[in-house]
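> Take a look at the letters that make up each chain.
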Amino acid sequence: MTTPVKDPKAPVQKPREGLLKRLTRHQLFIPLAALALLVLFNLIADPSFFMVTMKENSLGNPVLSGNIISVLDNASELVILAIGMTLVTASSGGQDISVGAAMAIAGSVILRLVCGGQVSADTMAMPLILAVLAGVVVSALFGAFNGALVAYFKIQPMVATLILFTAGRSIAAWINNNQLPIMNDLSFKYAGTFLPGIPVPTPIFITAAVILFFWLALKFTNLGLYTQSVGINASSSRLNGLDPKLIKLLTYVILGVCVAIAGFVRVSRSGSINYSRIAENIEMDAILAVALGGNALGGGKFNIYGSIVGAYVIQFLTTTLYKYEVPSTALPAYKAVVVILLVVLSAPVVQEKLANLKRAPVKAAKEVS
Amino acid sequence: MAKELTVDKQGRIRERAAMSDTNLLLTITVVVFFLLYLSAVVFLGGGFTKPQNFLNILNNNASLIVLACGMSLVMITGGIDISVGAVTCLVCMTSAVNLEQQGGSIFTVILIGLGIGLAFGVIQGFLVAYLGIQPFIISLAGMFFAKGMTTIVSKEPVRVTSEGFLAVKDTRIIVPGLGANNKLGQYVPAYVEIGVIVALLVVIALFCLLRWTKLGRAFYAVGGNSQSANMLGINVRRTKFLAHVLCSLLAGVGGILYFLHVGSGDVANGAGDEMNAIASSIIGGTLLTGGVGNVAGTFFGVLSLNTIKRIVSSLGFDEAWWSNITVAAMLCLFLVIQSVVLLRKNKK
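Protein chains in written order, with the working numbering: chain A, 1 to 369; chain B, 1 to 348.
None of these hints come from the bench; they were simulated from the model. Keep in mind that a hint or two might mislead.
What the hints assert, rightly or not - Here are the simulated DSBU-like cross-link-like pairs (lysine-lysine), alpha carbons at most 30 Å apart as the crow flies:
#1 K55/A with K323/A
#2 K245/A with K345/B
#3 K214/B with K50/B
#4 K154/A with K309/B
#5 K323/A with K155/B
Claimed, not checked - In silico negatives: residues of chain A with every beta carbon more than 12 Å from chain B:
#6 S58
#7 L59
#8 L133
#9 G168
#10 S170
#11 I211
Computed from a predicted structure; not experimentally measured. We put the beta carbon where it would ideally sit given N, CA and C, even for glycine.
Bound-form chain A, shown alone (with noise of 0.2 Å):
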């Protein structure tokens, strides 16, 4: 593969590889591109896209609504698992497909602790903050399943998750004896729609306190640092004093507990649940958030803030697509194409054919042929 005639033009090159050249090298380049051309084509098919008012909801609260900051709301499922799934991506080179089912399974268990068992309660049985824990460990036990399997059986992650992948909202609707609790307390509901008084919807500010969680567990500890080098190489961690088994079996651990949140988030937008509705397709829009955000599915390096700018992006064409009348049963369609696309971009062979392209038309031409 490699032609004489790469190296006498590497050092012409050098010298022209100004701004441009460093920015799309960048690994947030990417999905910072993507969300670009989505506001540029929104800002041109429509500007009224972007208004923001200020509305009455149903409680005669004054908050803010319009696209823009439906997006932002809806999104802060998808950005905590991506956060999550990121992890688990690097250290264990694959995916997580479980984490819609085991987001049903969080929030079956929140429900059934703050109804007490009824299936539609007007006062809380239990504090919230219980429930919320309850469902936690719940899902942080489930991740430690997938996650043991994963580290200590070596089963590929994604036929490890589908394990819960299929059993996960049968497993909700058994805890709920398939009975669809509803929760009228509207105290319930402040997490996933607004606090009294407040005009922001409260997921963004979950959101943003998970973000800044990780932003400091990452620049404090030596996760961040530990899962990369068990990503990269297990068996050279290993030799360093590492325990990777333990690392991979802890990033699954954390998933559950995003997944817990996201989860708590999702039934508390509606006070209810439907096994299998909620979260649907969504383990496939976090592993895009992942791919989206520059990050190599095969595990080892990662940047969480790519994984959050993709997940971003993914709701910001979610809601472009619905807003252009796209049904939500035919999104996955779509996005499925976009996923292609982008791993097809992503792939090493495909990189490599693009540089020689760039680098020299006429012999990659002919390499080709």
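For this one, chain A is given, so just place chain B on it according to the hints.
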């Protein structure tokens, strides 16, 4: 894993260890199935004693048998394809719309099934084999694409009323000697549907392909160790590509069989079948890591899985969710067993 290629006394290269693994796991599967079924007959009796009950497992799962065999092929080469259930669903819906609204016939249905399967196979196979993208990501995207396309074709369930089609659908092939007398004392012959015959033919064809052809042996070699397969002169990429094409093509065939069985297009068709297919393959002794497996085992895997489902539901756990939980539990159990077996072997 290079140990699997050994040279025998005549100097021929044999995949001795790999084959013995395959046979060992196949034996376990067959034994598990017979134990399951016998214990069901002994402890539960009732329906399990009637031959028709057993044939109904085949009738209801003809499409799954085909899907699972395709899955085994891909898994033997070390890949995976989770789009098969959604492809089944897409084939059903497109066929139903074609029959009802465009005046198609059974032949157009077959063309549609094979065409959709081939299209998915060629695209996914190309992306996996020649661009080196993880098969799971590609087939996950394929699964969502097929799901989305199904609802674009039709959101509402489409029930087929075409007579020519229904005649084929209701054709029953009598199995001599297995009939039973019903409560009124009349003799009711045992039967299988056309789909079962097709499925059995597919199993036999794939069994022969895997055991006695160059391509079949290449599947094992690539899955066992693609580097040494490459050194043996096997075209690894082409082999992987063909495995994915075959798998999706069989998903198309499975779609036709599913459609023949239920006679309608619905977005819920084939839901979770990718999971059932993977579980059946794994129960049937196909290793996720590749290089080991057998379609005969997969066939018994499908039977075991559905026998367990029936046992669970006749024990009184007949709510819909138990079936999913059972499949997941079975899958988990067999995955862990495989993993433990593999880890032990690697330690030796």
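> Hint by hint, say whether it matches the structure.
Each hint, compared with the structure:
1. K55/A with K323/A: holds, 19 Å
2. K245/A with K345/B: Measuring from Cα to Cα gives roughly 20 Å; hence the hint holds.
3. K214/B with K50/B: Not OK: K214/B and K50/B at ~42 Å, beyond 30 Å, violated.
4. K154/A with K309/B: holds, 28 Å
5. K323/A with K155/B: Cα-Cα ~20 Å, so holds.
6. S58: Consistent with the label, S58/A stays out of reach of chain B, its closest Cβ about 30 Å off (over 12 Å).
7. L59: holds, 34 Å
8. L133: holds, 26 Å
9. G168: violated, 9 Å
10. S170: Nearest chain B Cβ is 3 Å from S170/A, so the label is violated.
11. I211: holds, 26 Å
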